[in-house]
Amino acid sequence: MHATELRRPPAGDTDFGTPARSGPPVALTIDGREVTAPAGTSVMRAALAAGIELPKLCATDMLEAFGSCRVCLVEIDGRKGYPASCTTPVEAGMKVRTRSEKLDALRRGVVELYLSDHPAEDGPGANALRVLARALNASATRYAGGATHLGATKDESNPYFAYDPARCIVCYRCVRACEDIQGTYALTVAGRGFASRIAAGQDEPFMASECVSCGACVAACPTGSLLEKSVQARGMPAKATITTCAYCGVGCAFRVETKGEGDAVEVVRMVPYKAGRANEGHACVKGRFAWGYATHQDRVTRPLIRERNTDRWREAGWDEAIAFAAARLRAIQAEHGRDAIGGITSSRCTNEETYLVQKLVRAAFGNNNVDTCARVCHSPTGYGLKQTLGESAGTQEFRSVEKADVVMVIGANPTEGHPVFASRLKRRLRQGARLIVIDPRRIDLVDSPHVKAEFHLQLKPGTNVAVMNSLAHVIVTEGLLDEAFVAARCEHHAFAHWRDFVASPENSPEAMEQHSGVPAQRVRGAARRYATAGNAAIYYGLGVTEHAQGSTMVMAIANLAMATGNIGREGVGVNPLRGQNNVQGSCDMGSFPHELPGYRHVSHAAVRAQFESAWGVPLAAEPGLRIPNMFEAALDGSFRGLYCQGEDLVQSDPNTQHVAAALSAMDCVIVQDIFLNETARYAHVFLPGASFLEKDGTFTNAERRISRVRKVIEPLAGYADWEVTQLLANALGYPMRYAHPREIMAEIAALTPTFAGVSYEKLDALGSLQWPCNDAAPEGTPTMHVGSFVHGRGKFFITRYVASDERSTRRHPLLLTTGRVLTQYNVGAQTRRTENLRWHDEDRLEIHPVDAEARGIRDGDWAGIESRAGDTVLRATVTDRVAPGVVYTTFHFPESGANVITTDSSDWATNCPEYKVTAVQVTKVTQPSEWQQRYRRFAAEQERLFRQRHGAADLPAR
Amino acid sequence: MEPAATYPGTGQHDDATARAVAAAIARHAQRPGALLPLLHDVQGQLGWLPAECVAPIARALNLSRAEVHGVISFYHHFRRQPPGRHIVQVCQAEACRSRGAEALMAHARTRLGCAERERSADGEFTLQAAYCLGQCASAPAMMIDDRVHARMTAPQFDQVVHALAPAAAVSPDPALRATLSGEERGEGTPAAGSETPPAAALSPLASRDGGLARGTDEASGGSTISPASACVTVYVPRDSTALAVGADEVAASIHRQARALGVPVNLVRNGSRGAFWLEPLVEVDTPEGRVGYGPVAAEDVPSLFATGFLDGGAHPRALGRVDELPWFASQQRLTFARIGRADPLSIADYEARGGFAGLRRALAMAPREIVAEVTDSGLRGRGGAAFPTGLKWQTVAQAPGERRHIVCNADEGDSGSFADRLLMESDPFALIEGMTIAGFAVGAREGWIYLRSEYPHAAATLEAAIAHARARQFLGDDVLGSGRAFDIELRLGAGSYVCGEETAMLESLEGRRGIVRAKPPLPAVAGLFGQPTVVNNVVTLATVPLVLARGAAFHRDFGAGRSRGTLALQLAGNVARGGLVEVAFGLTLRQLVETYGGGTATGRPIRAIQVGGPLGTYVPPQHWDTPLEYEGYAALGHLIGHGSVVVHDDTADLAQLARFAMRFCAQESCGKCTPCRIGSVRGVEIIDRIVAGRDRQAHIALLRELAETMTHGSLCAMGAMTPLPVLSALNHYPEDFGAGVEHARD
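First to last, the protein sequences are chains A and B.
For the first sequence, my numbering begins at 1 and goes up steadily by one.
For the second sequence, my numbering begins at 1 and goes up steadily by one.
Since the hints were derived computationally from the structure, they do not count as laboratory data.
Careful, some of the hints might be misleading.
What the hints assert, rightly or not - Here chain B is said to cover these stretches of chain A; the calculated rule only asks that three of the stretch's residues, wherever they fall, bring their Cβ under 8 angstroms from a Cβ of chain B:
1. 199-206
2. 702-715
As the list claims (entries may be wrong) - Computed list of lysine-lysine pairs in BS3-like fashion (alpha-carbon distance at most 25 angstroms, straight line):
3. B:K519 x A:K452
4. A:K80 x B:K519
5. A:K386 x B:K519
All C-beta atoms in this analysis are idealised placements derived from N, C-alpha and C, irrespective of residue type, glycine included.
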């Protein structure tokens with residue numbers, strides 16, 4: 001078996017055949033050995049726990065026992081026949097035999113039947129059948145000449161995997177994985193008896209079906225009938241490394257399977273890691289398959305410099321590029337003052353790298369002009385949860401949803417944005433948990449196979465707070481509060497104030513209906529359900545934060561959870577679904593201009609003193625500039641240099657033209673990234689970054705889980721990102737001497753109380769850690785605020801609804817809101833460079849049939865979208881997923897210009913842009929917008945400046 | 001005629017498809033496990049299930065397209081291609097094989113010019129094999145649309161087909177044309193005459209809505225030709241066997257003749273008494289009791305009138321007093337005591353013959369007392385497994401669960417058996433009463449009857465009976481004013497033998513592919529929709545009223561050994577006097593086939609008898625004197641199963657019957673477990689090699705090994721028991737597997 005060739009098969013990958021159970025212990029005897037297993041455990045699992053491995057083909061501990069393959073039969077004293085060990089639960093005093101001549105003969109008989117309808121030679125991939133056949137000395141020769149499926153046509157429609165019916169043993173593992181693990185139900189067995197074969201959709205190619213390409217079926221297949229094309233092409237891997245996915249905030253653990261050594265290491269596939277607690281063996285199309293970007297030809301692997309951003313690029317050696325950048329930054333400071341430069345950390349980079357960038361800014365730049373891309377996504381979460389609950393983080397671990405009785409999903413689209421969590425959520429919903437969705441758009445969770453929202457509050461964009469206040473109003477006025485919880489755990493005065501506020505008639509569902517458009521009765525029903533169904537959990541996304549009232553809404557959510565006692569245990573809580581892999585971590589690491597690592601304010605002298613002592617420099621006590629302030633200052637001329645690591649400001653920040661103007665006004669823009677991104681087109685220095693496969697470090701996911709990122713291949717450009725920051729610091733005269741990211745983490749732990757117990761050694765031993773991790777919680781904290789809130793008592797805040805400035809007018813009658821799709825990720829820099837384009841190769845504008853008809857727009861027509869900030873053109877998708885008056889798009893393609901339209905409207909507390917509400921007009925057009933035409937010319941020119949760069953092919957990479 | 005144009009959904013009729021789907025969704029979407037009823041509804045409207053109906057159905061039921069497709073493709077009843085205007089199903093199961101079913105199918109292929117599962121060239125007919133239509137005592141049988149035809153011959157086949165499609169492009173073969181050229185042409189078909197009511201008008205199946213379902217309680221069966229009070233009551237059965245051998249034509253002829261003669265006749269359409277060899281059995285009420293004439297053909301009717309049959313007059317078909325016929329008199333009819341005596345849908349008749357006495361008694365008892373009564377009666381499941389009924393009920397009653405269910409297994413797929421069908425068609429209230437008692441015993445409010453789609457007549461009868469019972473408060477929220485609720489929903493299968501396996505049946509009832517579940521959990525603990533569920537066979541449940549009405553001891557006093565009560569034996573295949581023989585356990589097979597059966601229909605010696613359905617053994621002559629009871633039979637390696645007894649004469653080829661057993665398993669395997677899914681296909685191939693003389697000894701050894709693998713490795717009884725008929729044929733009739741056997745047909 002190829003798996004045995006792995007150097008160190010990770011312990012977490014043992015397959016026990018059936019899922020774990022937690023009943024009281026039951027003692028039995030298997031092959032003469034005394035075994036104890038929890039009641040409900042299968043004989044198969046109990047045997048393996050005792051070191052006795054039964055053969056299995058249809059059984060896997062990822063799925064409930066099925067009992068179809070009949071190779072795990074055993075003998076049990078006092079029972080007739082040969083029960084299947086996977087479907088037989090242990091019983092006290094049971095005496096089981098797993099080996100006998102008869103059992104061997106039966107197994108051989110079954111395996112011979114399998115082999116009689118199976119290719120004589122297996123290709124690459126899993127081959128459990130072949131292994132078993134060898135062990136049993138079974139062959140198909142006696143049955144030769146009969147009917148087979150050997151000539152059946154392969155389905156190779158999916159870019160990442162193929163289905164070969166000839167190798168299929170109809171064990172249903174793929175079908176069950178699609179149903180039970182992924183929850184999509186895209187697969188079935190068509191036909192019956194001997195004709196049974198796996199079918200996607202209505203027996204159509206996988207690509208034409210509802211398959212979301214999560215790979216669960218491929219991972220489940222025991223025979224390689226479903227197989228990654230990368231394995232077909234490159235052969236079976238020889239080595240596996242456990243790492244953490246670099247896509248969304250779920251933070252899935254993966255086995256990176258590779259072959260080759262040194263510079264010849266080649267990734268063969270990425271397989272979700274079963275022992276990873278965030279994903280428990282599941283994955284999505286991005287993490288599982290869309291990793292080819294890491295070696296895409298667009299990767300820039302040599303530093304680039306140029307005098308002006310309209311010049312041709314010049315390839316430079318690292319020393320030269322770093323010296324060039326350092327000299328420019330110091331020159332700006334010399335001329336315009338210490339505060340004229342700043343840095344931006346990335347939620348895509350590791351904790352250690354983020355920490356270093358903010359340290360660079362604070363210690364080497366000597367100011368607090370550091371911000372992070374979390375500014376434009378979850379900064380209101382940090383602010384709002386800190387104010388109310390006392391800590392800027394979600395309260396639960398993902399697994400907590402398994403205990404929820406009602407789930408409220410607000411402004412999040414988990415099946416697209418956080419698919420692996422969505423699968424967990426859907427499983428819980430199939431078990432009977434109720435679902436409330438608050439979203440302007442009918443997301444898939446509202447109504448998809450085996451999932452149906454009990455309440456969909458389809459509010460007008462920008463009215464979250466109105467709906468949340470009216471939910472609270474119902475809970476307060478109908479006596480659905482958890483008075484005991486509030487009395488014991490929350491600040492009484494603030495609560496009383498809040499109660500009076502939400503109880504006022506202006507916050508009633510009936511009064512708020514005019515703003516939100518949500519029928520009052522539906523709000524009342526949802527409120528009752530949330531408050532009375534048992535464990536109630538809230539999951540929210542950028543549809544909460546990216547609003548003028550984003551912080552208000554986060555606090556309103558926390559208020560509601562506290563008021564109903566849904567904090568501090570499993571199955572409840574307030575759960576922000578973080579967008580990027582390390583949003584939580586980048587915030588934790590002190591990326592905000594006002595906060596040092598661990599969310600401690602820079603004005604706090606004692607805290608500052610601690611860092612000053614450790615870093616050996618005095619630190620500024622005043623908060624620095626936020627990203628939008630940096631842009632404004634740049635246009636003023638007071639902010640002239642920027643070090644931007646791993647973020648594409650131009651594509652992802654609102655009001656693209658404003659951003660571009662600000663960057664153009666600077667003297668030194670240093671971009672560090674794996675691709676020459678949109679921002680790099682305005683840069684003077686480009687420092688090649690390293691992908692997650694090329695470095696060590698840690699990511700912190702949405703559940704505060706710190707997980708290791710492990711280097712699999714050497715950095716293509718020679719340095720990991722943390723090393724580049726270190727080079728720049730040293731060039732600026734501030735010494736950094738880290739030999740490995742573990743040393744950076746040691747410094748973080750020493751300086752940050754919530755990370756005090758974190759170390760690479762512990763991470764290696766335990767797999768992952770949820771902060772706070774310190775002496776009080778040496779193995780981390782899955783559930784926060786148990787018993788008491790972090791800062792003592794929970795604090796209610798008044799959350800008055802204020803209508804957004806972005807509202808429909810005669811000139812801009814529609815409200816544009818934005819989101820994302822499953823197959824593309826954020827600005828698309830990674831996923832656009834993969835086969836994921838096969839699913840989504842352009843951003844489109846969703847528009848309701850009524851609005852479309854009024855404008856003469858048909859499906860597929862070009863639609864011009866104009867806001868007060870700008871205009872762009874997208875093709876229209878006419879759909880009733882959006883309500884009349886609402887249009888929707890994604891922003892995965894730079895040429896779409898979604899952010900040309902979004903405005904400078906932002907959260908009152910954190911300046912998080914109001915991406916989710918932009919008043920627009922939509923018209924039928926025939927050509928790209930003026931901006932798009934300009935953009936194309938500009939992009940083409942920048943392409944040329946790169947393509948025709950002054951080459952120095954002989955420059956050493958390092 | 002352009003067949004494609006006659007069916008919607010083929011492109012130009014998308015609107016019709018959409019309408020049909022929307023209507024079916026409106027009718028069924030809110031029901032639990034709605035998918036099968038919904039698909040039946042759509043196919044009922046369109047004749048098939050176009051691919052484009054899948055997406056809206058999936059959406060309406062909160063399912064995926066793949067799930068719906070998986071279900072459609074699992075069930076043979078559901079068609080993904082437009083069929084001909086008429087569906088011709090020729091039974092190919094063992095009982096019909098014993099009477100020339102293969103030749104009939106071959107003839108059908110030639111006559112219609114198409115292969116199985118194909119459409120005739122003119123688009124008029126789709127030809128299909130069926131595996132049992134429940135007419136095993138009147139073989140061979142076929143069904144065209146919902147109309148059953150039994151004792152078929154090739155000329156009769158041509159006649160029926162011609163009547164349905166006289167303008168069919170396919171011309172009858174020359175021999176047939178000669179037959180049809182005379183004045184007989186058209187005889188026996190529903191003639192259009194201004195005075196003569198077409199036979200179909202009297203047929204309960206003439207139309208689902210206009211037939212049985214319309215019948216009212218008291219008058220439904222009666223067709224009083226003259227209101228005169230002195231009119232004689234004549235009984236002409238209307239169960240599907242009687243209809244399949246021309247009972248409607250007989251009834252029409254009696255009606256016609258009586259009118260012509262001005263004789264008042266009260267024509268009652270009763271159920272069958274189960275003496276199928278006498279069907280159509282016409283009975284006349286006389287002061288001396290009911291006298292019978294049979295089998296009566298339509299052309300016998302004038303002579304019946306002429307000989308004064310209304311007064312019990314002599315006639316070549318006269319049988320004398322029916323109750324005194326030894327064939328009946330020697331039986332111990334308990335469960336089947338009422339059948340054939342009255343209109344099956346008359347609650348008054350049912351009560352007059354002791355019906356609902358058991359229910360009334362049960363209503364006065366505590367649930368555990370009912371369970372105790374059934375336990376004490378010694379009643380064991382009559383579906384084949386013979387599990388003690390009281391014990392099962394007790395398990396269900398004690399299992400934790402929010403709701404409990406009673407599921408009646410009416411998926412009588414075993415060829416050779418027809419007891420369930422006969423009971424449902426001739427005494428449906430007995431089943432309803434039994435299920436209601438079961439519901440009260442275990443605390444279930446919901447009852448389900450899972451009936452095979454091959455029994456449309458039973459379906460119509462049950463639907464009507466359930467409606468009557470509901471109207472009279474024998475079902476509903478407040479059964480007989482007791483404050484207790486129980487109701488029954490009839491669900492149709494869709495052409496899957498394995499759905500007679502209880503867990504596959506539950507899957508099917510829940511709207512899924514009929515895939516066998518692994519046990520544990522037992523259905524009694526986690527059955528339908530995961531709740532504790534009683535799954536009992538029709539005969540078992542229909543015996544319960546008797547147990548309650550007459551007491552446990554009454555039932556227990558019948559029988560032998562641990563097999564208490566009576567056994568409903570179904571005498572079928574190549575037998576002179578086929579039908580239902582209910583006797584106490586303990587009769588021998590030889591007594592049965594000789595005394596009751598009267599030897600073979602062909603008059604040739606009996607060679608082999610298959611007992612217990614398609615998974616039962618071929619019992620060799622040396623075991624024919626063993627008393628029929630569960631334990632004794634099991635000791636010899638045989639099984640009684642559902643009690644079917646299929647007789648084959650000395651022309652039978654046991655190697656081919658063994659091959660058929662494997663092929664049937666291959667046809668009907670759900671495909672979940674490997675021994676059954678692949679093993680059955682290999683079984684057919686090996687037998688072919690054996691009979692072809694290829695490496696015979698090695699292949700016989702391999703067949704035996706395969707049988708071991710299937711027996712001990714299969715997930716359910718289907719795969720595990722298929723080796724029984726195969727090995728019994730091989731062991732007891734080895735000469736048929738020897739050299740010189742012709743190549744396998746098919």
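Cross-check of the supplied hints:
For the segment 199-206 of chain A, the stated coverage by chain B is satisfied: 5 residues place a CB nearer than 8 angstroms to a CB of that chain, which reaches the threshold of 3. As drawn, the segment 702-715 of chain A meets chain B at 0 residues by the rule of a beta-carbon pair under 8 angstroms; below three, the given contact is violated. Of the supplied pair hints, the one linking B:K519 and A:K452 is violated, its CA atoms being roughly 30 angstroms apart against a limit of 25 angstroms. Taken as a hint, the A:K80 and B:K519 pair is honoured in the structure, with Cα atoms around 14 angstroms apart against an allowance of 25 angstroms.
Between A:K386 and B:K519 the CA atoms are separated by roughly 52 angstroms; this puts the pair beyond 25 angstroms, and the hint is violated.
Of the numbered hints listed earlier, those contradicted by the structure are 2, 3, 5.
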